[in-house]
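2 protein chains.
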Amino acid sequence: LDLNMVTERKVEDNHRQDSADLLIFIMLLTLTILTIWLFKHRRFRFLHETGLAMIYGVLVGVVLRYGIHVPRDISNVTLSCHVNASPPTLLVNVSGKFYEYTLKGEISASEISDVQDNEMLRKVTFDPEVFFNILLPPIIFHAGYSLKRRHFFRNMGSILAYAFLGTVISCFIIGLLMYGCVTLMKQVGQLDGDFFFTDCLLFGAIVSATDPVTVLAIFNELQVDVDLYALLFGESVLNDAVAVVLSSSIVSYQPEGDNSHTFEVMAMLKSFGMFLGVFSGSFALGVATGVMTALISFFTKLRDFQLLETALFFLMSWSTFLMAEACGFTGVVAVLFCGITQAHYTFNNLSPESQDRTKQLFELLNFLAENFIFSYMGLALFTFQNHIFNPTFIVGAFLAVFLGRAANIYPLSFLLNLGRRNKISSNFQHMMMFAGLRGAMTFALSIRDTATYARQMMFTTTLLIVFFTVWVCGGGTTQMLSCQHIRMTEGSERRSTKHESAWLFRIWYNFDHNYLKPILTHSGPPLTVTMPACCGPLARCLTSPQAYENECQLKDDDSDLILTDGDISLTYGDITVSTDASGAHISAGPAGTTSAVISADDLDRELTYGDHELVMRGTRLVLPMDDSEPPLADPRHRMRM
Amino acid sequence: LDLNMVTERKVEDNHRQDSADLLIFIMLLTLTILTIWLFKHRRFRFLHETGLAMIYGVLVGVVLRYGIHVPRDISNVTLSCHVNASPPTLLVNVSGKFYEYTLKGEISASEISDVQDNEMLRKVTFDPEVFFNILLPPIIFHAGYSLKRRHFFRNMGSILAYAFLGTVISCFIIGLLMYGCVTLMKQVGQLDGDFFFTDCLLFGAIVSATDPVTVLAIFNELQVDVDLYALLFGESVLNDAVAVVLSSSIVSYQPEGDNSHTFEVMAMLKSFGMFLGVFSGSFALGVATGVMTALISFFTKLRDFQLLETALFFLMSWSTFLMAEACGFTGVVAVLFCGITQAHYTFNNLSPESQDRTKQLFELLNFLAENFIFSYMGLALFTFQNHIFNPTFIVGAFLAVFLGRAANIYPLSFLLNLGRRNKISSNFQHMMMFAGLRGAMTFALSIRDTATYARQMMFTTTLLIVFFTVWVCGGGTTQMLSCQHIRMTEGSERRSTKHESAWLFRIWYNFDHNYLKPILTHSGPPLTVTMPACCGPLARCLTSPQAYENECQLKDDDSDLILTDGDISLTYGDITVSTDASGAHISAGPAGTTSAVISADDLDRELTYGDHELVMRGTRLVLPMDDSEPPLADPRHRMRM
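Chains as they are written, first to last, in full-length UniProt numbering: chain A, 1 to 641; chain B, 1 to 641.
Bound conformation, chain A alone (with noise of 0.2 angstroms):
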């Protein structure tokens, strides 16, 4: 009877403690808030409140580690039980009476000492897989949710190149160099532990994952140009999927000898193999989820109930991570481009109170995860009792980073210049290489492990890599900028753009809006317009009502065109009516290759000045385009040709 309470209150003190714990990070984000409010009241633009949110961190964090001390809690007991294996639940006899016991993890022979050494440091520290399941979700789903997706499609090529492409080159010059950094320490006997080269690759994953959400953030209150914009946030987004599942690969390199650190090309190529399999299958996840909630919403009416829609989209959305976390993939890519799909689709579904109720949800969770990250990211700094400073390595750490992030922006940008009509400038290039922030998933997949010597090393390091580029990067954005000498795009006057993925872009473009959105939302071209005529029922029973009747279809804030096609018979080169900003039919009658220019400028003006709604009946996309076109002065001008 006795153990029995003195159990329950041993549960219940942890249950309070735990309380405090989480109370202690409230009142921190509560405290950023404050600040925050009181920065943007007395604009100071030097410290983002992610910035703000560490500061705090490490305040809270040196008064934890050195103004408050609980002493050992000496009934923390060593069982030395002689077990075959560690099973996940653990049933305790004690005098008689059963207790259960579950499986938390391994503990290296260094933490032993720490399980009973300052309760209170360890109490703060969360398990690393709280933020994969919790906090960057939303994170990662409000990054998709919210992509700009006219500019993100605009330069889509150069933001697959930089993300894929980049991420690679980044993370395989940083492990070399890295490689080679801790081959000198361990020459110059510096190095108390093994650093294998997996582990050099794996902090080069790692860290090629960028956050830039100060320098974004300053971006957007200074309306800077926005293609610039679009590439460091498109590169971003995708960057960190691209980092996790790299991570994953690296750390699941399994070699069939003894060793497990040597270099075989089956091992690796399974590895290779895993990085594919679990992108793809992440991928599909997220936009299957994406599709089925775009149909649900389509067929149902669920518009007239905004509070079930929103409780609909909130689910379907969480149970993408769900869904790929159980089938062994990765969930914060899953719903990463369930967020980028659902923006596209189901968007456009929803009520319009549904889609101001999500957008303001998923904006609250994401502020809320990545405040808690960033002020935790603060608090590590003094409450992880694993840290390893080896000022070699920092230091090799951080010109690596440096070179890493320049061999991953000028060679690519080169060689997308030449694909580019409208290249990226010098100062863009600068302004990128500057503007490669780390923030929480560096952080994320940094504290994932740190058993190993090497995993704590990497994991200090990591955290002041993100600390100084931060801080430093961060703050110093507003300067960049004016020295840089980068536009603010205040007024209406833009580019003409052809824009450089022209022809990746149209050709998604043709399928997207004639098959893809038909089908999932209520805009045109009706099915049974673009559909060959075999599949006449089935386009019937797909089409939505809407999509023959309403010409002013789906205005996304964002979206790329407004098209809908009044008249059924389209032909190549037809351009019937067409409406400009103000409301006025003008007319336009088929005219062979004028009008080909014609509607692709309108594509072009469209995707370019966003605050125009253009609408156009009964034109199609047509390729190729003419280029010989001059430079626009007032698209209002052009269109009444």
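Keep in mind the hints are simulated off the structure, nothing from the lab. Accuracy of the hints is not assured; some may be wrong.
Note: identical chains are not told apart, hence a pair may lie in one copy or across any two.
Straight-line alpha carbon distances no greater than 20 angstroms define the calculated EDC-like cross-link-like pairs of lysine to aspartate or glutamate that follow [claimed, not checked]:
(1) Lys-10 with Asp-21
(2) Lys-10 with Glu-129
(3) Lys-10 with Asp-449
(4) Lys-270 with Glu-221
(5) Lys-423 with Asp-225
(6) Lys-423 with Asp-304
(7) Lys-423 with Asp-13
(8) Lys-40 with Asp-304
(9) Lys-40 with Glu-353
(10) Lys-10 with Asp-194
(11) Lys-186 with Glu-264
(12) Lys-301 with Asp-13
(13) Lys-40 with Asp-225
Following the hints, position chain B against chain A.
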């Protein structure tokens, strides 16, 4: 090395399994949402969403119990280590590697076989504390935040009577009846284990928490009499709080002797003291946090940044819960009073967008949490492995619950009607009797501890009671309403209410209107007027500039009155200017008792006819109230006196 990987894989498998389990619930909820939409679409009113969620839970439970069988995981090991105590953390030495295990709780001997039994069922079973820490707080907070304050305060006396006295009465009546039943069972030999009086009392406390969410939803839809709505809603919201603290006090009953089930006055007083202490402490904490949030939103211009405002609101409300739990009070009670306070003060300080955002956020959380709990209830019928179906006990329990509710409603209504001017009619009483549904709180309280035979029997019976009341009573509400001839209040004709709690209410109202609201919100009258002259500087500091300037203050959707003081000199019986709903100014000069009557009637009228925006200046509430006035026909005519 092998063991390391095996452990990692086990931990990962655990994770995948957890994701899959959570996915089952998400799917359940999604299905529920779609079916709810279908029901609303076809106006099917016999099954509310909570009843529906339970049905789906039952179906899935059947599938999991009989359809899927996951073989034993024999790697669960029982260690027979002889330790003196059960430490919170256990380090197990497995061939040189250390594994950390955390204490989950005690397992009774009967459960041991279950630990190795159907793994699937164990997996979809949540730790009961999940309900109190994650699911119930949003539900309870939302109940407090969405309280219709006007009707609540108007019927405050009755509601408090039902909630406190009524719950205690119900608890003891049920406890006594069950004790009789159990003694009978013991005589007959049907009782296989111990069942003490404290267990009976606990059962009474648990089952006294009503949750008429179904009934209230129907009331809302059919626009049933607002007083009945207020009584039922207010009672349910408060008696949840009372039931939680009552059950904790009963559980903590600890007499000195060896036998923990003898009656000892000291122990009983101690329990009673604990009840008072925990309840008041939670109340104080909840109100304090609400007030603090109101002050923060009052003194800062946070309303310019809706995201920050909403985030702060959310965090402060959440911190109430954590603070209460950390201090050893009851989080859900604190959160309830925090919600009420936030709705009464902070809400007025928020920007309109944030008002919407916070309402929608908590509405969504409430919706998800509630349906989750009800689904889980249905599931638990089949996944809980220690059900004890004892027909005698079940029948006895149903009877006891029925009689307990009757002993709660009818005597108290009789007593209250002695004091109320607006009597609670007998058909209202019958309706309240009928609408005593049990729900989330009852379930959570009963599942909290299912270690002993008594508790398991109580859990099974509670589950059946919840099923019955939700499906049968909830489904039959519409019939009952017509059967009792309870009017729908569609039109504008309402009773003139000289409300029964006039005295209590007016004391509160004066204090609130003249002091609390001006301190915490931007409403008038300015404190410089209402506070004594000596506090002048303090009053000037605390008064918002808007209290002086704005006439049209604080249009709460739901506020009691809209009174502003423009004129500084207020005297007893002074009426200056009043504006009726159409905006015309009506002047009335000071006139002794007549004005006293008018002002009280104006108060009255505003309380009755919430739609009219009655702005009165320079009027204080006047006591005592003359109730010889004839019933009103048209409020505007009265005003023009």
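Against the structure, the hints:
1. Lys-10 with Asp-21: Within one copy, since 16 angstroms is at most 20 angstroms while 28 angstroms is not.
2. Lys-10 with Glu-129: The answer is between: 15 angstroms across copies meets 20 angstroms, while 25 angstroms in one copy does not.
3. Lys-10 with Asp-449: between (29 angstroms within a copy, 16 angstroms between copies)
4. Lys-270 with Glu-221: Neither way: Lys-270 and Glu-221 sit 45 angstroms apart in one copy and 60 angstroms across, limit 20 angstroms.
5. Lys-423 with Asp-225: Answer is within: at 13 angstroms inside a copy they meet the 20 angstroms cutoff, but 70 angstroms across does not.
6. Lys-423 with Asp-304: neither (47 angstroms within a copy, 39 angstroms between copies)
7. Lys-423 with Asp-13: Neither way: Lys-423 and Asp-13 sit 62 angstroms apart in one copy and 48 angstroms across, limit 20 angstroms.
8. Lys-40 with Asp-304: between (38 angstroms within a copy, 10 angstroms between copies)
9. Lys-40 with Glu-353: Between copies only: 19 angstroms across, 28 angstroms inside.
10. Lys-10 with Asp-194: For Lys-10 and Asp-194, the Cα distance exceeds 20 angstroms both inside one copy (40 angstroms) and across copies (26 angstroms).
11. Lys-186 with Glu-264: neither (24 angstroms within a copy, 73 angstroms between copies)
12. Lys-301 with Asp-13: neither (49 angstroms within a copy, 39 angstroms between copies)
13. Lys-40 with Asp-225: neither (22 angstroms within a copy, 48 angstroms between copies)
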